[in-house]
Structure formats: C-alpha cells, structure tokens
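Chemist: Protein chains in written order, with this note's numbering: chain V, 68 to 374; chain H, 35 to 608.
Some clues are possibly wrong.
Looking from chain V toward chain H, a few residues come up when the C-beta cut is under 7 Å (computed) [what the hints assert, rightly or not]:
#, residue
1, ASP194
2, THR270
3, VAL281
4, SER321
If you're looking for bench data, these hints aren't it; they were derived computationally from the structure.
Every residue gets a Cβ at the ideal spot worked out from N, C-alpha and C, and that includes glycine.
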Amino acid sequence: MLRIIGDTNIDFIGMRKKAFILSALFLIVGLGAFTMIILNKANMGIDFAGGTMIQGNFEQPISIGSLRDAVIGSGFTDASIQALERHNVPNSFIVRVKETKVDDMDAAERLLQIINESFAGNTFHLDSEHIIGPAVGESLKRDAQWAVFISVLGMIIYIGLRFDFRSGVAATIATFHDVLVVLGILLILDKELTLLVVTALLTLAGYSLTDTVVVYDRIRENLKKFRGKGQFVGTVNKSINEVLSRTIMTSLTSLTVVVIILIFGGEVLRDFALALTIGIVVGTYSSVFVASPVIVEWEARSPKRFK
Amino acid sequence: MKSQTWRFIITGILVILGFIGFWNTLRLWTMSDEDKARMEERNPGSINELEKKAMRLGLDLQGGVHVVLRVKMEEIEPSAREDAVERAIQVIRNRVDFTGVTEPIIQKQGDDRIIVDLPGYTDAERAEDLIGQTAQLQFKLMESNENATLLLNRIDSIVAEIRKAQKESGELTDEEPAQLSTGDSSPLIEPDTTAEEDDILADLLGDDTLALEGEEGAFLSEANPLTQYLDQFLYSSKTNTPWPGYIVMAKDRKKVENMLNMTEIQSVIPSDVQFAWSTRPDVANAQEVYRLYLLKRKVQFLGKYLENIKLGRGQFQENTVDFRLTGQAAAAFARLTGANIDKPLAIVIDDKVESAPIISSKIRNDGQITMGSGATLEDAQDLQIVLKAGALPAPVEIIEKNVVGPTLGSDSIRKGLISSLVGLALVLIVILIYYKISGLIADVALVFNIFFLLAVMAGLGATLTMPGIAGIILTVGISVDANILIFERIREELRTGKTVRASIDAGYDRALLTIIDSHVTTLITAGALFLFGSGPIKGFAVTLFWGVLLSLYTAVVITKTIFDLRKGYKTLSI
Chain V
68 MLRIIGDTNI DFIGMRKKAF ILSALFLIVG LGAFTMIILN KANMGIDFAG GTMIQGNFEQ
128 PISIGSLRDA VIGSGFTDAS IQALERHNVP NSFIVRVKET KVDDMDAAER LLQIINESFA
188 GNTFHLDSEH IIGPAVGESL KRDAQWAVFI SVLGMIIYIG LRFDFRSGVA ATIATFHDVL
248 VVLGILLILD KELTLLVVTA LLTLAGYSLT DTVVVYDRIR ENLKKFRGKG QFVGTVNKSI
308 NEVLSRTIMT SLTSLTVVVI ILIFGGEVLR DFALALTIGI VVGTYSSVFV ASPVIVEWEA
368 RSPKRFK
Chain H
35 MKSQTWRFII TGILVILGFI GFWNTLRLWT MSDEDKARME ERNPGSINEL EKKAMRLGLD
95 LQGGVHVVLR VKMEEIEPSA REDAVERAIQ VIRNRVDFTG VTEPIIQKQG DDRIIVDLPG
155 YTDAERAEDL IGQTAQLQFK LMESNENATL LLNRIDSIVA EIRKAQKESG ELTDEEPAQL
215 STGDSSPLIE PDTTAEEDDI LADLLGDDTL ALEGEEGAFL SEANPLTQYL DQFLYSSKTN
275 TPWPGYIVMA KDRKKVENML NMTEIQSVIP SDVQFAWSTR PDVANAQEVY RLYLLKRKVQ
335 FLGKYLENIK LGRGQFQENT VDFRLTGQAA AAFARLTGAN IDKPLAIVID DKVESAPIIS
395 SKIRNDGQIT MGSGATLEDA QDLQIVLKAG ALPAPVEIIE KNVVGPTLGS DSIRKGLISS
455 LVGLALVLIV ILIYYKISGL IADVALVFNI FFLLAVMAGL GATLTMPGIA GIILTVGISV
515 DANILIFERI REELRTGKTV RASIDAGYDR ALLTIIDSHV TTLITAGALF LFGSGPIKGF
575 AVTLFWGVLL SLYTAVVITK TIFDLRKGYK TLSI
C-alpha cells in the first residue's frame with residue numbers, strides 16, 4: 068500500500084487561531100475586491116465592460132513596447148497589450164481596449180489603422196476580432212449575476228437539506244471564504260474579471276463545498292461513535308485526519324489537470340485555469356482550517372451536540 | 035438474474051449506445067485530409083453530411099462569425115413591433131442561406147435581439163453587410179439644381195458665420211486651413227463624360243470652386259466652408275441641366291458630414307429633401323471619392339415589387355442587378371419613369387444612394403440597378419441577395435461581433451487536445467501508481483467516463499467549445515474523486531482487520547452517500563452556468579454537468595463490477 072501520509076494525528080483545530088488570522092487577511096483583500104465590483108470600480112474584462120479585442124500577427128518581429136506605445140500614444144490610454152505564444156505563428160499579439168467606437172468608427176478599424184500606419188512595411192494579419200457593445204456587456208453582467216445567485220441559492224438549499232443549521236452556516240462561510248480569497252488574490256495579481264473567471268469562481272465554489280462536505284460527513288459519522296462529553300474537538304480533529312489522504316489525493320489530481328490547462332491551454336483559458344489553481348489550494352486549506360474550526364468555535368460558545 | 039449480470043448488460047448497452055452516438059464524430063476526427071478529399075470525390079457532399087452528424091464545434095474552435103443584432107423597435111410603428119423580430123429572423127435566414135454557410139444558427143435572444151452564428155465563415159465585413167443592412171430599396175427623385183444651390187449657399191453662409199464667431203471668441207484656432215489644392219480646382223467628371231461636356235458643365239454651373247486658385251481660394255474657403263469640398267458632377271447632357279450630385283474627396287467626407295449634422299444646418303434643410311451619400315467610394319481622377327446627393331424625400335417606388343432579380347451587365351460592362359416588374363407595379367413604374375425622362379432617378383438603399391442614373395426612356399417591365407464604378411461583382415451579388423431575401427421589417431444594429439479566424443480555431447483545438455491528453459495521462463499515472471491494480475480499475479472507469487461524455491455530447495448535438503474542453507479535463511480531475519473516496523475507505527476498513535471482501539463492500543457502501551453529496555454541489559454550479567451562460571460558457575457547463583453525472587455511474591458501478599469479477603479475495607492490490 069503506497070501512502071503519501073500514514074495515520075496522522077495532527078492537531079488542526081489547535082492551529083485555528085493562526086489560520087483565522089491568515090484567512091482574515093486574505094478576506095479583507097477579497098472583500099475589498101468584492102466591494103470594488105459592486106461599486107463598478109473593478110478591473111472588468113471587455114465582456115462585462117464592453118470593448119474591443121483584436122488579435123493578429125506581424126510578419127516581422129516587433130517589440131511589445133513599440134506596439135504598446137503606438138496604440139496608447141494614439142489615444143487608447145486604457146489599452147492592454149499581450150504577446151501570444153502560438154504554434155507556427157510568431158509575433159502574435161492581443162490588443163484590448165474598452166471602446167467600441169471612436170468618432171463613429173469601429174474601434175477595431177481604428178486600431179488596425181494605427182497599427183498599419185505605425186508599422187508600415189510590416190504587415191499585420193488579423194486573426195480575430197471581438198467587439199462587445201455596452202448593452203451586451205450589461206446583459207452578460209446580469210446573466211453572470213443570475214448564475215451566481217442561482218448556484219448560491221441551490222447550494223444553500225442543498226446544504227440546508229443535508230446538514231443542520233450550524234454546519235450549513237459553517238459550510239457556507241467556508242465556501243464564501245474561498246471565493247473571496249481567490250477574488251482578492253486575482254485583484255492583487257491585477258487580473259481582469261471576465262466571464263470565464265466568474266465561471267471558474269462558481270466551479271470553485273462547488274469544488275470547495277465538496278471538500279467541506281466530505282469532512283462534515285466524516286464528523287457526523289464519528290460523532291455517532293464518540294458521544295462522551297468534551298470529545299467534540301477530538302472527534303473533529305480525528306475526522307479531518309481520517310479524510311486527509313483523500314483530501315490531498317483529490318486536490319492533487321484536480322490540481323494536476325488545472326495546472327496542465329494553465330500551461331498548455333493557451334491564452335483563452337489562462338486566467339480561468341489560474342483562478343481554479345489558486346482556488347483548489349485555497350479550497351483544500353479551508354476545508355481543513357476554516358470549515359471545521361468554525362463549528363468548533365461555535366460549539367465552544369454555545370454547546371450543542373453536533374448532529 | 036444476479037445483479038452482477040444486470041450490471042454487465044446495462045454497461046454493454048451503454049457502450050453500444052455510446053458508439054452509436056459517437057460513431058460519426060469518431061469517423062470524422064480520425065480521418066486525414068486526404069481521406070476526406072477521397073470521400074468527397076467518391077460522393078460529393080458526403081463530408082458535409084458527416085460534419086452535420088458529428089459533434090458540433092463552437093466558433094472558437096472552427097472559426098466563424100458570431101453577431102448579435104438588436105432590432106430597433108423604437109424606429110417602427112407600435113403595431114408592427116409584435117412579430118418584427120421573427121420576421122427579421124426569417125429575412126436574415128433567407129439571406130444567410132444564399133451565402134452557402136452550412137450550419138448557421140439564427141435565433142432570438144431576449145425581446146429584441148437576434149444571434150447569428152456563421153461557422154466557418156470568416157469574411158466579417160461581408161457578413162456584417164449581409165446581415166445588418168435593412169435593405170429597404172427606394173426610388174427617389176432629386177431636388178432641382180436651383181433649390182439645391184440656394185440651400186448650399188445658405189449653409190455656406192451659416193457655417194461661415196459660426197466659424198467667424200468662434201474664431202473671434204478664440205474657440206477655433208487655425209485647425210481648418212484652406213483645403214484647396216489644384217486637384218480640387220478641376221472638375222471631377224464621371225469617366226463617361228467627354229471633355230467637351232466638361233467645359234459646358236463649368237460654364238453652366240458657374241461654380242466658384244472651379245476657378246479657384248491660390249490665395250483667392252484660401253479666402254473663398256472661408257466664405258464657402260461647405261461648397262469648397264463639393265464638385266458637381268451630375269447633369270443631363272440632353273437637356274443641359276445640372277442636378278445636385280457632388281463629388282467629395284473621401285478624406286473630406288467627415289468634414290462635410292459634420293457640417294451637415296450641425297443643428298443650425300439641420301434646421302435650414304427643408305423637411306421634404308435629404309442629403310444622401312453614395313453606398314461606397316469609387317475612384318475619380320485617381321482619388322478615392324464619395325458622392326453626395328440632394329434628394330426629394332418622397333418615396334416614388336418601393337423595391338418590394340421587384341421580381342426575377344438577377345445579375346446583369348450595364349452599358350460599360352459594369353456589374354448591375356436586373357429586375358422585372360409586372361402588373362400594377364409595372365404600370366406605376368412606367369408612369370414614374372415616363373413623367374421624369376431626362377431626370378435622374380436615385381436608387382436608394384437604406385438611405386444610401388446606389389446610383390442615380392438619368393432616365394432615358396419610359397421603363398415598364400425590365401429595369402436595371404446600376405451600381406457606380408466602385409462596385410465589385412461581390413457587391414452586386416450581395417445586393418442581389420438582399421433584394422431577393424427582402425427588407426428587414428425594422429432597422430437593426432450590431433451590438434456584438436466576434437470573428438475567429440480558422441487558424442486560431444485549429445490552434446485552440448491543438449491546445450485543447452494537448453492539455454486533455456497530458457492531463458488525462460498524468461491523472462491515470464498518478465492513480466495507477468498510488469492504488470496499483472485498484473488504480474488500474476479506476477483508470478478503466480475514467481476512460482469509460484470520457485467516452486460516455488463525448489458520446490452524450492455528440493448524441494445530444496451539444497457544441498464543443500474551448501472552455502468545454504477545459505470542462506472535460508476538469509471532469510477527469512474531479513470525477514476521479516469518487517474512486518479516491520472509495521479506495522481510501524477500503525484502505526481504512528482493511529486496517530481495522532476486516533476481510534478483503536468485507537472491506538470492499540463496506541468501502542463502497544460507506545463512501546456512496548459522500549460521493550453523491552459531493553457531486554451534487556458540482557451539478558448545481560454546472561446547472562446554473564448552463565441556464566445563464568452563453569456560447570463558450572454553456573459549452574463548459576454542458577461538459578462539466580454530464581462528466582460529473584456520468585462519473586457517478588462509471589466510478590461506482592463499473593469499478594464495483596470489475597471488483598466483483600473475482601471471487602474469494604485473499605489480498606487486494608490497493
């Protein structure tokens with residue numbers, strides 16, 4: 068039997084104070100990011116904010132700096148420019164701007180004009196363009212809000228059916244913790260909030276809840292065996308230790324695939340995979356260090372047998 | 035019959051169904067380009083048929099154009115609004131059918147939006163023209179030259195006054211230098227007019243700009259802010275009558291437009307006339323130019339009466355669109371053209387002038403739409419298509435446009451394929467190393483899982499997108515969790531000293547509830563994303579949903595069936 072870890076008896080609950088401080092720090096950043104989204108001040112991708120993306124390649128090499136100077140120097144001050152790694156297509160770039168129209172002219176056309184004028188003699192081949200009008204951005208935002216609302220509602224109903232009140236609340240806290248922490252880290256990394264990032268956050272919420280559910284199931288099972296007084300903390304600790312190898316194995320396989328997407332999946336999926344990678348690490352941490360300690364704290368304050 | 039036998043039968047049926055669902059996709063995906071060419075040679079159209087039956091690829095994977103239109107309800111009568119979107123969809127479908135795109139998606143979204151997906155079509159501009167134009171064809175007469183000249187002079191003086199006032203108050207610096215060059219000072223004439231007519235024209239018009247040169251020009255440009263950019267070109271040679279059709283250099287068009295759009299100017303343009311630009315630029319005297327017309331607003335004849343619309347050739351072998359009229363429409367058109375011989379008749383599509391030929395004789399049955407020298411064969415074909423398909427019931431605006439080139443699509447497929455295969459291989463290896471023979475059993479289940487997933491997707495006609503591929507890979511990572519839960523439980527049971535058989539059974543029993551619990555949460559997320567996601571996101575939701583759902587069967591039932599194959603376990607490789 069090959070085992071990463073043997074029978075462990077780590078006092079996870081004993082580390083909860085440190086864990087709470089760490090989580091609080093990340094949560095503050097996460098809540099800050101969330102507030103910025105509510106106030107419409109976050110770094111929204113063009114799918115929510117509306118805007119124009121063009122992607123193409125030059126025949127001869129150019130520096131990303133010169134492209135950036137040309138585009139930003141022509142009035143697109145909020146332009147973001149990215150170099151791309153493409154198979155057999157060198158000198159590929161993505162240019163994103165928040166405008167869809169400039170002086171009645173398509174922003175995409177204007178960008179092409181700027182590029183052609185600034186790099187005359189070095190032909191730019193357009194591979195893709197995406198123009199999202201502000202009205203479409205608004206409705207995508209609304210759809211994303213609905214998707215978040217429905218999945219949160221669905222999960223809370225599910226938790227309510229499967230668990231008692233306390234563990235339901237604790238599981239919800241752990242899930243929100245994970246999503247907010249990832250949101251905060253993405254903000255620190257200056258990533259744009261796009262449809263795919265929201266998708267990753269929702270997927271992550273499901274994943275993180277799964278992890279919590281597995282631990283809680285075991286706590287519930289073990290509580291039937293250990294009914295003595297003062298055994299609550301020990302039982303929770305024992306349960307976490309018992310499912311630890313599962314937690315690590317599943318995190319490992321999930322992490323493997325998202326890291327692979329991060330490396331090989333290309334530009335489209337990069338931020339999506341990044342959010343999931345961070346999310347799986349945070350989700351694993353929270354199922355051990357947040358979800359269970361929360362019910363332990365609660366039980367300590369107002370003792371009531373955990374169902 | 036024992037439950038074991040049943041499990042075999044059910045799994046067998048599922049595998050067969052899977053192959054049926056996935057067969058065409060599998061055939062298409064495993065074919066090389068030469069195979070495809072050979073198949074097409076043997077049986078033309080067969081590849082197309084096969085592609086229709088195989089799994090759909092999203093625009094992000096195969097390239098194509100995605101356009102979202104908004105029907106401008108506010109611009110039509112309330113009574114016509116009810117089915118305007120449906121009628122617009124019908125018209126757009128007709129137009130798209132003419133382009134030969136194999137599997138277009140044209141559907142309503144919300145109250146007033148239409149989604150148009152053209153897989154494999156990458157000429158975005160042409161697609162936009164075809165889909166986006168209302169194609170309201172109207173025939174209009176032109177304002178008389180006398181009235182036009184009066185109006186232009188009035189506009190000149192108003193603009194000049196405003197400019198002067200602005201200059202005095204310092205708002206306008208010397209941003210508007212004299213634009214006159216020698217190129218502007220010679221009249222620009224259509225290729226078919228002769229030099230002799232040239233002079234007549236100059237004499238007739240007494241056009242200031244014709245004689246302008248040097249400093250005098252600079253001075254006059256201040257007095258003629260508008261007309262300095264206009265060169266009259268349209269006149270009837272038979273009657274020696276000029277008509278208000280002007281050449282404007284392409285570079286000056288914006289300036290002219292801005293002037294005409296000023297509120298002060300809008301208020302002096304009589305309500306029964308309108309300025310209208312040519313549909314597209316053409317070349318005159320080696321310069322790119324547009325043509326500007328002053329039309330009478332009244333619609334004389336509507337394009338919907340046109341029949342038998344086809345491509346033709348004009349007097350100078352240029353591309354034209356020919357049509358036929360019958361019955362009352364023919365009579366009306368004959369009346370219109372008969373009463374206006376030697377006058378220009380503007381052919382107007384969506385408020386842009388296609389051309390303004392001079393009527394030479396009464397036209398009853400057979401008409402011809404000339405398109406100006408700037409039109410290509412493609413332009414003529416597109417005009418024919420939109421006239422045949424009919425006008426949109428309301429104007430539309432493009433509110434989203436996504437064009438993905440074919441190389442980008444194949445690039446994405448490549449990336450998706452690499453990440454899927456590497457991700458799958460790594461997970462299979464990790465599980466195999468960690469759980470030995472039991473791991474191998476889980477690996478078999480995982481392969482079944484992916485196979486069933488692809489089969490369901492193909493069978494349901496779901497669309498595979500790049501995020502969808504990510505969903506498949508993610509399914510691999512997440513669905514193996516069920517086996518991990520089971521195996522870890524079996525290991526625990528073994529450690530308590532139970533027999534192998536009892537441990538396996540207990541492992542499955544105890545883990546089952548947790549597995550269902552943990553999968554439900556992912557299904558909820560996938561469901562919400564499916565309901566509200568669009569395009570690529572929906573593709574992700576579909577693969578995640580089915581992947582996780584199917585894994586409940588593959589990871590639990592299929593692995594248990596394999597474990598149960600062997601009786602009397604002494605040891606277990608786990």
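Chemist: Kindly indicate which numbered hints from before are broken by the structure, ordering the numbers from low to high.
Modeler: Hint check: nothing fails, all pass.
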